Amino acid sequence: MSQQHARSAAMDQLLVTLDLEKLEENLFRGSSPKVGWQRVFGGQVIAQALVAAQRCVEPDRLVHSLHAYFMRPGDPSIPIVYQVERIRDGASFTTRRVVAIQHGKAIFSMSASFQLDEPGFEHQVDIPEVTPPDSLMDEQEFQKLFLAEAPENVKRYWGRERPVEFRPTSMAHYISREKLAPQANIWVRTTGPVPDDRPLQAAVLAYLSDMTLLDTSLYAHGTSIFDPDLQVASLDHAMWFHRPCSLDDWLLYTQDSPSASGARGMTRGSIYSRSGVLIASVAQEGLIRKKANA
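Counting along the sequence shown from 1, when you hit position 285 you're at 397 in the numbering used here, and nothing is skipped either side.
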């Protein structure tokens with residue numbers, strides 16, 4: 113059963129952030145919300161780049177995959193320019209390449225492929241059996257119980273209003289330094305309504321797909337992305353959009369990290385609707401490096 117949302121200032125801000133300004137054909141400009149982050153959130157850049165690419169394809173072509181690389185940290189104090197290259201327009205598939213530019217340098221690149229809707233073979237991996245979101249602690253309860261003794265950077269992160277709410281099925285990672293299995297099941301939901309528009313829904317899904325993912329690669333080492341002795345950053349991000357979803361209810365984001373080596377952690381994710389429909393698959397590799405003075 114879907115759940116309708118009240119309006120959320122953070123969700124409204126995200127929709128504004130995704131509404132890029134057109135500068136010229138194939139050229140767009142996006143801004144970042146003033147939330148005090150030292151660098152632009154990677155999911156925002158992925159989502160804005162996807163919006164730029166979508167505005168350079170025919171409306172009947174819908175994204176089915178994207179592959180992206182993060183090359184430099186984004187500066188939230190200045191706009192990001194997105195340059196779209198029209199690589200190919202085929203009978204069924206369309207390919208676009210997007211480069212995000214700041215200070216005259218590329219900070220991010222992405223290739224995205226679009227396809228006409230068409231019927232075909234159908235199968236999917238079943239959704240795992242986990243505790244439903246209504247039986248889990250909400251963010252307000254989590255903050256009261258666990259944030260009192262948390263480091264200041266953790267308090268700032270969890271205390272900020274965001275366009276996405278999380279309900280992990282396990283809190284063990286947040287309250288201990290125990291080395292845990294590198295896997296997570298996290299319910300996620302937008303904190304406000306998303307318009308009934310498939311390209312915009314795909315962009316919002318891309319935005320939230322970068323949240324919590326890299327942290328899973330650190331579970332096995334008893335640490336987290338909040339550890340001040342670590343240098344942590346996304347290196348690349350790939351996503352496959354299997355089926356449309358209205359984003360009006362909880363989604364289950366299952367994550368696992370099959371490998372960490374060479375100061376990099378690799379993580380995979382599957383995003384399901386509450387009813388068990390597999391909506392998207394995600395893969396990401398990130399830098400997880402001990403700082404030199406740590």
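The set of hints was computed from the structure by calculation and includes no laboratory data. Every value quoted in this text rests on a predicted model; they were computed, and no experiment measured them. Each hint should be verified, as a subset may be incorrect.
[What the hints assert, rightly or not] Here are the simulated DSBU-like cross-link-like pairs (lysine-lysine), alpha carbons at most 30 angstroms apart as the crow flies: (1) 291 / 403; (2) 256 / 146; (3) 146 / 134; (4) 291 / 217; (5) 134 / 291; (6) 256 / 134; (7) 146 / 403; (8) 291 / 146.
[As the list claims (entries may be wrong)] Cβ pair distances, simulated, as ranges: (9) 247 / 127: 26 to 34 angstroms; (10) 333 / 202: 39 to 47 angstroms; (11) 356 / 288: 37 to 45 angstroms; (12) 332 / 190: 31 to 39 angstroms; (13) 399 / 251: 21 to 29 angstroms; (14) 370 / 345: 35 to 43 angstroms; (15) 232 / 341: 31 to 39 angstroms; (16) 172 / 403: 29 to 37 angstroms; (17) 187 / 127: 19 to 27 angstroms; (18) 291 / 395: 18 to 26 angstroms; (19) 395 / 235: 15 to 23 angstroms.
In this text, a Cβ means the ideal position worked out from N, Cα and C, and glycines have one as well.
Here's how the hints hold up against the structure:
1. With a C-alpha separation of about 20 angstroms, the suggested pair residue 291 and residue 403 falls inside the 30 angstroms cut-off, and the hint holds.
2. Taking the CA atoms of residue 256 and residue 146, the gap is near 25 angstroms; set against the 30 angstroms cutoff, the hint holds.
3. Proposed proximity of residue 146 and residue 134 is supported: the alpha carbons are some 21 angstroms apart, at most 30 angstroms.
4. Between the alpha carbons of residue 291 and residue 217 the distance comes to roughly 39 angstroms, so the proposed pair goes past 30 angstroms and is violated.
5. A threshold of 30 angstroms between alpha carbons decides the hint, and for residue 134 with residue 291 the separation of about 48 angstroms lies outside it, so the pair is violated.
6. Taken as a hint, the residue 256 and residue 134 pair is broken in the structure, with Cα atoms around 43 angstroms apart against an allowance of 30 angstroms.
7. The suggested pairing of residue 146 with residue 403 holds, with an alpha-carbon distance near 28 angstroms, which does not exceed 30 angstroms.
8. For the proposed pair residue 291 and residue 146, the alpha carbon gap of about 35 angstroms is over 30 angstroms, so the pair is violated.
9. Our hint of 26 to 34 angstroms for residue 247 and residue 127 holds, since their Cβ atoms are close to 30 angstroms apart.
10. About 44 angstroms separates the C-beta atoms of residue 333 and residue 202, a value consistent with the hinted range of 39 to 47 angstroms.
11. Distance hint check for residue 356 and residue 288: the Cβ-Cβ separation is about 39 angstroms, which falls inside the suggested range of 37 to 45 angstroms.
12. For the pair residue 332 and residue 190, the supplied restraint of 31 to 39 angstroms holds, since their beta-carbon distance comes to about 38 angstroms.
13. Between residue 399 and residue 251, the C-beta spacing of about 28 angstroms keeps the proposed range 21 to 29 angstroms intact.
14. Look at residue 370 against residue 345: about 20 angstroms separates their beta carbons, and that is not inside 35 to 43 angstroms.
15. Remark: the range hint 31 to 39 angstroms for residue 232 to residue 341 is contradicted by a beta-carbon distance near 49 angstroms.
16. In this structure, residue 172 and residue 403 break the distance hint of 29 to 37 angstroms, their C-beta atoms being roughly 49 angstroms apart.
17. For the hinted restraint 19 to 27 angstroms between residue 187 and residue 127, the CB-CB distance of approximately 22 angstroms keeps it satisfied.
18. Between residue 291 and residue 395 the CB atoms are about 23 angstroms apart, so this pair conforms to the stated range of 18 to 26 angstroms.
19. At roughly 20 angstroms, the beta carbons of residue 395 and residue 235 sit within the given window of 15 to 23 angstroms.
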